[in-house]
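Engineer: Residue numbers (the numbering used here), protein chains in the order written: chain A, -19 to 671; chain B, 71 to 438.
Don't read these hints as lab results, they were simulated from the structure.
Ideal Cβ positions, reconstructed from N, Cα and C, are used throughout, including at glycine.
Careful: at least some of the hints might be erroneous.
To be verified - Partial list, derived from the structure: chain B residues whose beta carbon lies under 7 Å from chain A:
no., residue
1, P103
2, L145
3, T151
4, T165
5, L166
What the hints assert, rightly or not - Calculated lysine-lysine pairs in the BS3-like style (CA-CA distance at most 30 Å, straight line):
no., chain 1, residue 1, chain 2, residue 2
6, B, K99, A, K461
7, B, K430, A, K497
8, A, K460, B, K96
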Amino acid sequence: MSNAEEISSKQKQIAVSEFFEKNKHFLGFDSLQRSIITAVKESVDNSLDACEEARILPTIHVELNRQKGDTIELITQDNGPGIPRNSIEDVFGKFLLGSRFHAIRQTRGQQGIGITGVVMYSQLTTGSKTNVISKIKKESSAVFVELGLDTRKNRALKTSENRDVWIDKRTGEEIEQGLGIKTVMKGKYQKGKQSVYQYLRMTSIVNPHASISLIVRDKDRNIIDEGNWIRTSERLPRIVSEIKPHPHGIHLGTLQRMLRESEERKMTSFLRHNFSGVSMRAAREILSKAKIDESRGPRRIKAEDAQEILLAFQQVKLLSPPMDCLSPIDDLLIKKGLSKAIDSRFASTVTRVPSVSQGNPFQVEVGLVFGGDLSADGPIEVLRFANRVPLMYQQGGCLLTKALESIDWKRYGLDHPAGRGVPKGPAALLIHLASTNVQFTSEAKEAVAENEEVYEEIRKALLEVGRGLKNYLKKSSQRKKAQEKFELVNIILPEISRKSSEILSRDEPDLAPVITKIMNAVFCEEKLDWDKERQTATCSIKIYNYTARARAYTILVKWPENTTISIVDNERGGRKETRGIWAWRLDALNPGTCTTIEFGVSGLVKGEWTDTDVFFRGNGDIIGASKIDETLLNEIRKSEALDAAESEILNESGSLEPLIDRAETNEVESLQKIIPKTNNEQLSLSEWEVE
Amino acid sequence: MTIGRTKTKEEVIEALHSVAAEMHDKMMKGNPPSMTLPVRTKTNITFDNKLQVYKYGKKKSTRDATALGSARVLLRSLHITEFIQQMIESGKSSTLREMYYISEGWGNGKFSTQNESNNLAEDLEIVTKCIREDFKLRPEEDGARIIGNVTFEEKNRKGEWMRINCRDDVGDSGYGVPYNVEAEKLRLIDQDIDFVMAVETGGMFDRLVENGFDEEARCALIHLKGQPARSTRRIMKRMSDEWKKPILVFADCDPWSFRIFASIAYGAIKTAHISEYLATSEATYLGITADDILAYDLPSDDLTKSDIGALQSELSDPRFSTGWWKEQINLMQEIGKKAEQQSLAKYGLDFVTDTYLPEKLGVLGLNY
């Protein structure tokens, strides 16, 4: 008997309604405000999951209409595949407490009680039935069903059913496929941080492929709140595959059940076929450590032996579980999702490589936006997600928040009073944990539970976006300073010269030597743009020599080199320095002159490349660029050469891709090591200011 | 600099041109233009034994055009120079606020706040050793009110001299001191008083007037209106110099009132360049003292954090370096209290004129 069956059979002994009543706090139906959020959440999660499986770009509409007293009519509609007539009663009437106990992969549905809870809640609070409309593409009409729950038998009670054409009330057009739900429940609509609006806004951020709209009406049918989040990406999340459990995440009970139910004849094949990450070699090693004969039948393993196997699992080196069971959002899509919901100046995102904790694959993604319309006073906005589902309650007790609070944000340019709590400033921070098994602090599933490995991964991701922010702030402050200097020598100084000469009736002085004295530095300004017509990113680098001597430099620029991405329109030529870094040798730049390097990068999409770093080789500092670190450059060159050699060998065996992936990861990390070097640059700037 | 003598137009313009010349000379030599100013903090004021007031010391700071902010200030001072020159030549004057608005038309030289224009006018006074009256610039701050048996002559708008007795020719609000109290505008004619008493608050000033204290004690009463305007300090200085009458200051007992007294007696830090012209070194602090709070058991308030900070800062202020002030400040910190002038009303409306002031004045030998 499976876990779920065990649980539901136990439940059958008490009335399901009683169970619901007793446990509604952790089912998300404890307050009138929260109940309505939970109901919307169950429905929207189902729609997103269904569309994802059917490879349809979801369009979801939610309507809340207040009725008399504290009752609300909830209407949701999607363009998903619909539900076959025969399954409607199962989907809406079976109480399964998380319907996907078995499947080890990342799904939204893990987190809720399911849509049945909504049917139940409506029935218990207002006595109303739930209307379901389902239209399957290949059928000629939609099915309209009205149902309630038989709370003693834990199944749906159909009260009416008919087939008809389904017309969209808002557009007047016939709906080709989709699912519509309408029900009436007790609830209260409230605006703010914990609202249906915020839930849908957050959902749209992590589901940039979805279009979501919301209309909320009061008793007199006046619209009191609405939202419309249009998809920013046409790319559906990839289909995640189911995986077998990994030995590191297994408990004794589960192992014993698996042994009992196994059809395998030998223990070696049992281990190899029921778990991920177990090779023949590993299976033998486990069994020898556990002192169990390889040819023993799984059904004859006793409890003490199972215990030994569990111990051996921890001692033997195992392969990591496969990671294609995870569905990260991806850097660029997070950026797009955030910019869809928040207008900001700067966005930095990080998707960490997947990792494993207790046999469960997980992956952390973080996005940070800064500036723009964001409010500068008060704490930053924290957007927490687990498997693309917004977490809206219990922020303080959540591991994601704790990891966030453990960072010394002052170092990265955010106000962080006493280094405690959520930092302050005009920023919003998104943290997404994708995992086959997100562990929560409680059944309410609103706060992620403590886990050392996950915590460390989040911290690493946060530090990375933090460095990005610091870099950005430093750059913008440098840019501001440079602009001020330009204004000073180009506008104010000539006016001082003119005015003082006028007052004194004297000749105007020659300002060139004065300007050199005031600036006394070489400036570099880089600008990244998007050429819409040619679909290329353009980069322009201007270098001004405001010193008394001629200067000669090699300018190096970081660019997102890849097999499908290349440099175009590069009139100055230059050469490839190493992977991801292009170099131009400049002719001597005379005092008081300026030169420009311009090039384009093709093979990118808009918004993919918005920020770069400029380095230089040569004597004397450049404000706005950092001196290249030659040792690190050599490291990159070496790793590039090594990768090239390795991939040549592996080309024959055909499994090239993982290696390229790894090589690129290496490279990204060593490139990031260069960035702290830019601190020198800041130092030189302040020295320069003192002069 | 000759004190009290208004400079000729030519002298003022020449002084202003020297500011522009410093900038021009620097640029001719290939250096950033600059303006040299004395440091204006309490660390750079020293007591001038000859003048008996505090003056700026030798510390200089240079404002040069290596940063955008200071370059803007230099440009503005050139605009002001031009503006003042025009006013002098056309016989006009303007308020500081008017100048702030006029700067709207100065493009990159315009002021962003009025404080900026006020400070720059002060800078120019210091650098040129002129006073703002020379620049034809007026403050908006109104001067003090005076009641008592003293007679002035003031030149009115028609250019005629008007004689005013501050007891007989004025109403209850007294004689309003004009912004310019130099000899060209105001003459001290006659008096029949024993001393001048400057009062910090309007409430107390009105109480003394209502009780007829000016006649009873044979004094001139001056309402300071908080931190006294320049013209207020200047007229007190002239009354002291020309009539040789004692100047007494009657203020609240709190650290801010001590600073009011210091600016009257020793010179204000902001205007230390003209201290000898504004400060009355003979002025005496009458009360309320920390001793009085104890001696008269006055209703008092606890010192706030900022009060304590101000007292601490006064201990390191050279103007409060005498033994008496140190004693008072320390005592005040010890009891942790401050008191208003009007707390004397605890003993009735007439207590201040019947008991407190006679007793305090008696100590100074001023019996009536």
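Engineer: Are the Cα positions of A:K460 and B:K96 separated by 30 Å at most?
Structural biologist: holds (27 Å)
Engineer: Against chain A, run the beta carbon of B:T151 and see if the smallest gap drops under 7 Å.
Structural biologist: With a minimum Cβ separation of about 6 Å from chain A (threshold 7 Å), the hint on B:T151 holds.
Engineer: If you draw a straight line from the CA of B:K430 to the CA of A:K497, is it 30 Å or shorter?
Structural biologist: The given pair, whose Cα atoms are some 63 Å apart, is violated under the 30 Å limit.
Engineer: Is B:K99 close enough to A:K461, meaning Cα to Cα at most 30 Å?
Structural biologist: holds (26 Å)
Engineer: For the hint on B:L166, just tell me whether its beta-carbon gets within less than 7 Å of chain A.
Structural biologist: It is violated, given that the least Cβ distance between B:L166 and chain A is near 21 Å, above 7 Å.
Engineer: Under 7 Å is the threshold here; is the Cβ of B:T165 close enough to any Cβ of chain A for the hint to stand?
Structural biologist: violated (23 Å)
Engineer: How about B:P103: closest beta carbon in chain A under 7 Å, or not?
Structural biologist: OK, holds: B:P103 within 7 Å of chain A, min 5 Å.
Engineer: Given B:L145 as an interface hint, is the shortest Cβ-Cβ distance to chain A below 7 Å?
Structural biologist: holds (5 Å)
Of the numbered hints given earlier, the model fails hints 4, 5, 7; all others are met.
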